[in-house]
Amino acid sequence: MSASLAAPAPGGFGRMTLRLVLIGAVLVLAMLPALNRLPADSALHVSDFIVTVTGKWITYAILALAIDLAWGYAGILSLGHGAFFALGGYAIGMHLMRLIGPRGVYGHPTLPDFMVFLGYQELPWYWLGFDHFPFAILMAVAVPGLLAGVVGYLAFRSRITGVYLSIITQALTYALMLAFFRNDMGFGGNNGFTDFKELLGMPLNTQAARSALFYASLLLLLGALWLCSSITKSKLGRVLVAIRDAESRVRFLGYDVTQHKLFVFVLSAMIAGLAGALYVPQVGIINPGEFSPGNSIEAVIWVAVGGRGTLVGALLGAFSVNALKTWLTTVAPGLWLFALGGLFVAVTLFLPRGLIGLFSKAPK
Amino acid sequence: MAPGTARRYPFPKVPMRQFLLALGLLLWLALPARAQDAFTAALPGLAGGFGDIATSVEQLGALADPRALPILRVLQAGQLQKTANGRLLLPGNIDALTGQPADASGAETVRLNNRVRQALRGALGRLQLASPDAAERGAAAEAIFRSRSAEDVPTLQAAIARETDAGVKAKLILALAAAQLVASDEEAKRAAIARLGAAGTVEARALLIEARAANPGMAAAIDASIANIDQSLAIRRAVETLFQGLSLGSVLLLAALGLAVTFGVMGVINMAHGEFVMLGAYATFMVQEACRGIPWLAPWSLPLSVPAAFLLAAAAGAVLERGLIRHLYGRPLETLLMTFGVGMILQQAVRLAFGAQNREVASPAWMQGTLMLPGGISVTQNRLWIIVFGIAVLLLVIAAIRFTRFGLEMRAVVQNRRIAATMGIRTGRVDALTFAFGSGIAGMAGVALSQIDNVSPNLGTGYIIDSFMVVVFGGVGSLAGTLVGALTLGVVNKVLEPYAGAVLAKVFVLVAIMLFIQRRPRGLFALKGRAAES
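One line per chain: the protein sequences are R and Z, in this order. Each residue of the first sequence is one higher than the last, beginning at 0 in numbering that gives the first Met the number 0. Each residue of the second sequence is one higher than the last, beginning at 0 in numbering that gives the first Met the number 0.
Worth flagging that the hints you see were computed from the coordinates, not collected in a lab. Note that beta-carbon positions come from the ideal geometry of N, C-alpha and C, so glycine has one too. Please note: incorrect hints may appear among the correct ones.
Quick list of simulated restraints, FRET-style, between CB atoms [to be verified]: (1) Z/M422 with R/L226: 51 to 59 Å; (2) Z/T426 with R/L235: 41 to 49 Å; (3) Z/R236 with R/G161: 38 to 46 Å; (4) Z/Q517 with R/D130: 33 to 41 Å; (5) R/L21 with Z/R417: 42 to 50 Å; (6) Z/L310 with R/V25: 52 to 60 Å; (7) Z/G423 with R/M15: 55 to 63 Å; (8) R/L137 with Z/Q517: 28 to 36 Å.
Chain R stretches covered by chain Z per the calculated footprint, using a threshold of three residues with CB under 8 Å from any CB of chain Z [stated by the list, open to error]: (9) 151-163; (10) 168-177; (11) 328-339; (12) 342-355.
Just chain Z, with the same shape it has in the complex (with noise of 0.2 Å):
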């Protein structure tokens, strides 16, 4: 090997995670030799009675020894044995001392009484405590937080002054409240009423509850704690329901967009939307599938997913509008009818191609978990995306319509068919530009809904209402009213969630908006004048 090289990997490559590891536990052995004189000699007294046997386990437990842990871990599971020779067996018949294999006639179970299950859970706490691993010391933490007693005080202490992780240092923090909470100190149990006060979760609020009971003398301090405690849980469920009612309004707001391009603008009911947004839903599933054996374009398989819904899907309008609906123009209760009918087509060819059970479409990594702000609310990271999506469409269109070529002849059409067609426009190609353009922006809502919903043949019949809903309410021909619709009957179906249930609910928005059509039947955002009355 030349010199060269041998200077650049002075060691064998050992991945970091694992090299930091043997450090640690080459660490842990190299403790002095006293905790390891200490651990042999506590041990055999596991083999004894039940005094023997609590007394050892505190033992075990004082010392920070890993060896302790899984066998004070098997005896909590009734499953250490013990031989009439005073050895210790684990499972599989394995001496505890020596880790040797060893002979197991006449063992027998190691009982347990509740003194000696104490001791083990106090014990089994503080050696988790001292545990390298901060995921296994959090757990420690919450479950001291959970059983809290008043011993558990410096055991806290001790723990939270060597920790150096600040989420683990946290839980320690709460968990060694609790226990001062039940503890004799009164100075620090006002702290700790404070603390708990200001860590603002639902556990908190049970402990403070539990404690009011125990201490009449200080129920105005746990009250206010209380009452801080309802108020910022109030606050983070107004913000989470805020940011639901958000998302569900995005994911209508999709779902909408493009009626409101084909029924807002061009006057069309398509019946078969929904069965747009199924296709969109399918194209993703297909490219994510083409995707699957190349390694670096499949986490990308999302994005790339979104322009081939939106030419599936607008082919597919295209085909839709100059082969059978360009017929029916001027006949609405037929058009509706018609493309029920071909919905219904698609829904049974895509049955019959896919299979009728639910495809899985996976989220890419960066997609996927929980996004903490601060204050406690957590955010889902795909519906907060499904939110950046849904504006980026809405933008997309609107600089569609405003800025393009197309948009202008769209217009034009829209406004005065007949003029538009003597300046020049054809105005067939733009009834078919437009009809697959919206039918694409379906497919788009496709996209989205993979993320959050099942991908079946029937995935757009659950939508297709709400986004007619939608259209209707907003005032159809106005993109703004699109926008406000959608968002304001997805909070207010969030909003109204918890108090009714998911489906009266539904059936609450459905009413108010017949309602609402009531005092102004052409919806929130009419057009006025002349293009109104038409």
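Isolated chain R (complex conformation) (with noise of 0.2 Å):
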């Protein structure tokens, strides 16, 4: 059954329709911003509220990219990637939060208003470095690939697989929530970061800031997508399929399985990482929650949704429950929690392929 959950079989849904419906979808997206500056009484006009959202759940999509790469490919399933994310996010968040400079209420002319609060008299070393641009993005890929690096390094040479490795990324994930609860670790504690002003010189609350990153967000997952299907194309992805059905068998043939794995991993958490730095702008703020295990374990139900193995699938499930979410959070928010936790039930028992395996056939 190997190869059959990476590419559609022969008579399903055929590939050169997924690439239209693809690139169909991409087109229409990358229109909403252009429509968003239409007149507000006409017909066509995007509110910013859908920007906005629209924007937020593309950073999600990549975020489900990244976890299909490492559980649907290479069937490492991290309950940590919100992990990552949030690592991404903060390190953004530091950027940003470093770039208020005296407009904060304190006014101070370099530390933040929640270091003014607590007493610090000047920037804690770590936070060095964050007033350039570059340098934080680099911090938003590196941490979390060299933390990914560290715990898979530690995992996969002790041959830690299935539940195991989950429940100890599910709980990497809930110590670094109680260590950014702290006051301080001088992340902002309880609240976090907010209250962004700008970013590149550009105010984050106007119609061009929202577009930028929109398109960022758009052109990054085109970019990550492009890259994991070459991946999972190239013969390294046909091994890490391989370790995910056999790893006994691929490591008795020969291949270095710990290597494999910590490769797609780390890359796995740094895409999640970039995917947390275009979040915060958008939504401009981030704060511990984001480390909660909870989130973690909603976003592989996306990927779960949507149908591992398949990167369209992770996509679809990205967009399909985060619209369900919104739609259902503001019609009936005592509902969501149901709908979630009935989403993780159905999807187990009936649906093992998530939405694309209802477009193509079952592998034989």
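Using the supplied hints, reconstruct the complex from the two chains, each of which is provided in its own coordinate frame.
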């Protein structure tokens, strides 16, 4: 059953059709910020809310891609990918906080408000350099990558697989959440970072900034999609699928399983970090709640709903589940958790191949 | 009234305590009339100048007259008034001497200066030391311990001589030592230093450090006493930390025992385990509410809720296993996600049914309070009971697995499902029962948690990760490993806490477990042989 999860079976939802739908969807998405610039009374006008929400969903879709690459292809179910996403968010958040400069409530030239409030005299050393945008972006990729490297090395080396790895990664994000809730960590404690003013000279509350961030997210999504699909189509991708399906056999054949898994885990964490870095300026806040284990596992269910082992499935899942969430939480807020819980149950029991599985024939 | 009845009740039925109080009051009033005359004579001085007031306060303090105490307290609070003709008025315009309402026209507040205040402190302390109430005498001894002056020595010595309550007497002796420390009697001072050293309290330590600067000649003796205190404080702290760690460990043990059955024995990863704990806590709440109306049953609602919580959680577990989990055997990652969803639904259902706010589960009277062990070690009763409960549940689980028919079938199915089925064991039924058993234990953990944590819909989420850590650390499928793992994690957490804070201690423990798994991937008590390979 190995390769069948990755590519639609002949006679099913054809590869060509899939590609056309994908291109169409990207084009529609790309139109949104342009339509937002139309006058408000125009029939085609798209509200600010829709642009922001769709931009947010795109970053979620990138996170879903990252999870799918690790889980769907290499069989690494990480329940801590939200941590990498949040770390990327915190990196860009630190940059945004530095850019506030003397415009904070306390008007301190360098220290962010929460540091003045907590009685800091000078910036902690790990805040240095974050006033430069390239450094912040570098950190948004490097810190999640490094963390994933250390955790992955320790875990894969001693052959911790399956649910054990899931529990360890969940414990990791839980520990990070507890740590970031502390005020003396120097990351704003409970409240995290908010009240951002500008990024790269653009005030964040303008239309221009919204569309710029939207297009940046879309570009990153396409880039990540291209990267992931070229990996999965390469020989490396086939080895990953083989590891997922029969890890010991791949090892006996002479492949270095640990290195392969480590590579894909670190890459996945880096993509998640970048997604987080684009998420935070769009929603305007980052706090330790992003580390909560529930967030990570919710992202996993996007992939499961869409169909793991297919990159398009991850995107489909991220958009459809989040659309359902946005709609349900406004219509009937009490029902959302029932719906989400029900999704977990229904997808695992009845739709093991996700929504994509509905369109392609089951493998023999 | 029949004569027999009259003989049985010679007095009107007065509760013993009130009777004794009244008797005490009568005795006070019957004290020599001279004291009352002295009281009447000393009182008017309070209406005079500062010097008169101070003298009067000292005289009143020397009398053992119960009427003096309230008046001096009013004076200390700055609420005593005096009229132009020398009457003293308590708040509410009551004449201090006669106790009758009086005309308050032209009254002014009696002012205090430092000399009066000092006299007041001593007088109040002395009057309190003579109080018939032991708690009041104890408070007075503690006040003197804090304010200590050389003048208190004779008063304290007299008080110690007539004191009957052992607890108050100990406090008085400490207060005397504190007073002797600032007095000029060198011999007494040395004895006091030794006595304070033996007391082993933080307050005594502070006193000794203060005295060390004032008495350079006795530095050696004082240092020895301080070292003595430090040692006993360290021992006490260590014992208390150990106790707290064991108590946290038994909470973890309770939460992890159910997992040791469902995850360890069956290999089913149940992320809704924490929600079964939560259900158990809510079952405790419901039993308590049901018992509320029945006075003789109410104190026993907690023991009653143990079986109730077990049954509720076990039923939920059986439904979950038969309805959903059994379709996913052999697919652990899917089971993990599915049970997480079930947990979410359970949480939200409870939130809608009971509200998101915390529910109050009261501790029965026999679980409340603090137990003082010898050496000043304090132990909270409910924590002690949780340790007892945790051990009891552990023994119960071991007994159920070792000695019952169900346990035998369960072990058979785990070791070789097919052969067990061939021997006529209905494996499906055993699966359901095993899962229900593990879930029921989670419910019982909920009863214990309702005593130390808030009963809220997300009660279980805080424990689920720790419980999995316990099982992974201790070794999957080993009850001994679960016990050792839970207690170790509990104690290590509590030992680290004073140095690193509660949160960082948790982080350290998580990291330590990850490193530990490097050395022993299958946990502390790894299964050996063929069964371990699967």
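Hint by hint, here is what the structure shows:
At roughly 55 Å, the beta carbons of Z/M422 and R/L226 sit within the given window of 51 to 59 Å. Taking the beta carbon of each, Z/T426 and R/L235 are about 42 Å apart, inside 41 to 49 Å as hinted. The hint said 38 to 46 Å for the Cβ distance between Z/R236 and R/G161, and at roughly 42 Å that hint holds. In this structure the supplied range 33 to 41 Å holds for Z/Q517 paired with R/D130, their Cβ-Cβ distance being about 39 Å.
For the hinted restraint 42 to 50 Å between R/L21 and Z/R417, the CB-CB distance of approximately 48 Å keeps it satisfied. The beta-carbon spacing between Z/L310 and R/V25, approximately 55 Å, falls within the hinted interval of 52 to 60 Å. A hinted range of 55 to 63 Å holds for the C-beta pair Z/G423 and R/M15, which are about 58 Å apart. The hinted window of 28 to 36 Å between R/L137 and Z/Q517 holds, with their beta carbons roughly 30 Å apart.
Under the rule that three or more residues need a Cβ within less than 8 Å of chain Z, the assignment of the stretch 151-163 of chain R holds, with 9 such residues. Remark: the stretch 168-177 of chain R is confirmed as covered by chain Z, as 6 of its residues place a Cβ nearer than 8 Å to a Cβ of that chain, reaching the required three. Interface restraint, the stretch 328-339 of chain R with chain Z: holds (4 residues with C-beta to C-beta distance below 8 Å; minimum three). Chain Z is given as covering the stretch 342-355 of chain R, and this holds because 7 residues of the stretch bring a CB closer than 8 Å to a CB of that chain, at least three being needed.
Every hint, counting from the list given before, is met by this structure.
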